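Please put together the full structure from these sequences, using the hints given.
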Amino acid sequence: MTADSPPSPPSILRFLLPSARDIIFIFLFWALLAGPLSNRPLADADIGWHIRTGEQILATHSIPRTDAFSSTMQGQPWLAWEWLYDALLGVLHHAGGLNGVVWLCALLVASIFVILLRMLLTNGTGMPLAILLMLLAEGAASIHLYARPHIVSWFFSLFWFAALERWEQPVAPSWLRWFFPVSMALWVNLHGGWIFGLALLGAYALAAFLESLRTADPFARIRSSKRARALGSALGWSVLATLVNPYGWRLHAHIYRYLGDRYLMNRIDEFQSPDFHGWAQRCFGTILLLVLVGFASNRRALRLRHLLVALLAVYAGLYSSRNLPVSSILLGLIAGPILWGSFASLAEKPGCWGWARGWVGRISSFSDRMCAQELQLHGHVWPVVTVIAALAICIQGGRVGSRQVIHAQFDPLKLPVAAVGSLQRRQSTEPIFSTDAWGGYLIYRLYPERKVVVDDRHDLYGSVRIREYLILWQAEPGWENVLETWRIKTALLPARSTLANLLRELPQQWHPVYEDNVAVVFEREGRADRKLKP
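Residue 82 in numbering that gives the first Met the number 0 sits at position 83 of the sequence shown; the count goes up by one each step and never skips.
Hint data in this document are derived by calculation from the structure and do not stem from the laboratory. You may find that some hints are simply not true.
Label pairs and their in silico Cβ distance ranges [unchecked claim]:
id: 1; residue 1: H377; residue 2: L317; range: 32 to 40 Å
id: 2; residue 1: N500; residue 2: P17; range: 36 to 44 Å
id: 3; residue 1: P17; residue 2: K413; range: 41 to 49 Å
id: 4; residue 1: H251; residue 2: G34; range: 52 to 60 Å
id: 5; residue 1: Q473; residue 2: S344; range: 33 to 41 Å
Simulated crosslink set (EDC-like; lysine to aspartate or glutamate; CA at most 16 Å straight-line) [to be verified]:
id: 6; residue 1: K488; residue 2: E524
id: 7; residue 1: K413; residue 2: D45
id: 8; residue 1: K488; residue 2: E475
id: 9; residue 1: K413; residue 2: E514
id: 10; residue 1: K413; residue 2: D515
id: 11; residue 1: K488; residue 2: D410
id: 12; residue 1: K413; residue 2: D43
id: 13; residue 1: K225; residue 2: E167
Predicted model only: the values in this text are computed from it and were never measured. Ideal Cβ placement from N, Cα and C applies to all residues, glycine included.
Spelled out as structure tokens, the structure:
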């Protein structure tokens with residue numbers, strides 16, 4: 000122990016005392032479950048069809064291979080490629096309803112960012128900068144902070160990066176080479192982000208190969224060549240592990256067709272490039288700026304593998320806004336140690352002002368003491384107790400005694416909650432046309448009694464049917480023909496949408512049977528109850 004090192008607390012205190020990571024975890028977990036961020040996990044309605052798919056898997060003990068939710072694609076081949084996450088949602092929804100679904104989201108998200116903080120600290124990033132980078136990554140993740148399967152890919156990307164960094168150490172555990180294919184067999188059944196994992200592993204393999212070619216030291220060349228072969232082998236086995244899914248190679252062909260469909264990619268919002276006027280995009284831009292500052296200030300500390308990963312993360316983040324969370328996490332992990340090293344070196348830089356060297360020295364010394372004390376506290380008892388207690392509350396309907404503590408629900412100000420209640424009371428079996436963004440919610444509330452005409456499973460519908468949907472939704476020339484072709488008799492539309500206004504101009508054909516500030520329900524002439532419900 001040095002003179003500057005904090006005294007080591009007794010073992011029992013190291014186990015019981017909450018660390019800063021524990022406090023951050025508990026705060027973020029409750030903020031998502033029952034606090035100021037609790038409106039985020041269910042803000043994307045497509046979680047509805049994920050839940051119903053999971054319930055279907057549990058009920059039939061089989062994985063869906065055809066569509067059962069829509070009238071337009073009923074019986075057509077459908078690949079439920081996130082089936083394992085859906086099944087987990089089905090279990091949690093059965094046990095705790097929507098509270099259980101949001102509990103899982105809160106657990107995963109809080110764990111991801113606390114693990115990110117720990118990785119930053121253990122890799123040499125000072126406490127102040129580590130917390131700042133974690134907060135910026137959280138801000139970037141807010142663009143996609145939903146209870147959907149994609150958060151699993153955040154988790155896997157973080158762990159794959161940690162495992163790859165561990166592999167760069169002189170003595171790496173032998174199990175690492177099997178970690179990647181084994182975890183890939185799990186990842187491929189949880190979410191399609193496994194493609195990014197292969198790219199990440201490929202970047203490390205390429206970096207090791209290039210280092211084996213450019214280094215002059217023969218021993219370093221042998222080590223790099225050996226590591227390149229091992230990484231290449233792990234990459235090959237991981238590619239083979241992606242075939243361990245219910246659909247085999249057909250999953251790969253399906254994803255290739257989906258991601259290669261330029262019509263869909265150019266029109267699906269989350270695949271669009273980020274608009275930097277938003278808060279999440281600004282957080283990503285700030286991290287990107289910090290990466291550039293770090294690379295410029297300390298080029299000697301930059302490793303080829305980190306440069307390749309940074310290029311991959313920047314490209315992914317600028318290509319599609321749905322990639323901002325993972326890109327921000329990886330860029331923060333790369334930039335943190337480099338930036339902090341450059342900052343701490345100012346304390347010994349002769350050309351720096353004396354007062355600045357003094358302040359930098361004091362901040363660095365304080366950060367070192369805080370990091371050492373933080374990493375000594377490893378019990379994490381209170382986060383575990385919090386998670387278990389929250390799950391018990393969710394199973395009890397979100398109540399503690401007579402008090403409602405957790406109440407996860409879809410936002411009635413943004414989704415047609417009341418309008419769907421009206422449709423349930425009408426006891427019809429006609430399919431419902433609505434915006435694709437509301438389709439998952441309609442499936443959650445109305446399946447199996449009523450089906451949707453279209454929802455946001457764009458890979459199922461394909462560009463031809465989505466093009467027809469957009470013609471109708473945007474009231475482009477030929478929209479009436481789509482109405483006839485799809486035989487739509489019930490429409491649930493946003494109250495002030497263009498299509499809703501057009502249908503109001505056709506009173507001889509369409510009549511509103513329910514309307515509020517969020518949505519309006521139209522039924523076709525011959526089926527309408529002309530009494531307008533409030």
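Evaluation of the provided hints:
no., hint, result
1, H377 / L317: 32 to 40 Å, "holds, 38 Å"
2, N500 / P17: 36 to 44 Å, "violated, 55 Å"
3, P17 / K413: 41 to 49 Å, "violated, 36 Å"
4, H251 / G34: 52 to 60 Å, "violated, 41 Å"
5, Q473 / S344: 33 to 41 Å, "violated, 57 Å"
6, K488 / E524, "holds, 8 Å"
7, K413 / D45, "holds, 14 Å"
8, K488 / E475, "violated, 19 Å"
9, K413 / E514, "holds, 14 Å"
10, K413 / D515, "holds, 12 Å"
11, K488 / D410, "violated, 27 Å"
12, K413 / D43, "holds, 10 Å"
13, K225 / E167, "holds, 11 Å"
Consistency with the previously given hints fails for numbers 2, 3, 4, 5, 8 and 11, ordered from lowest to highest.
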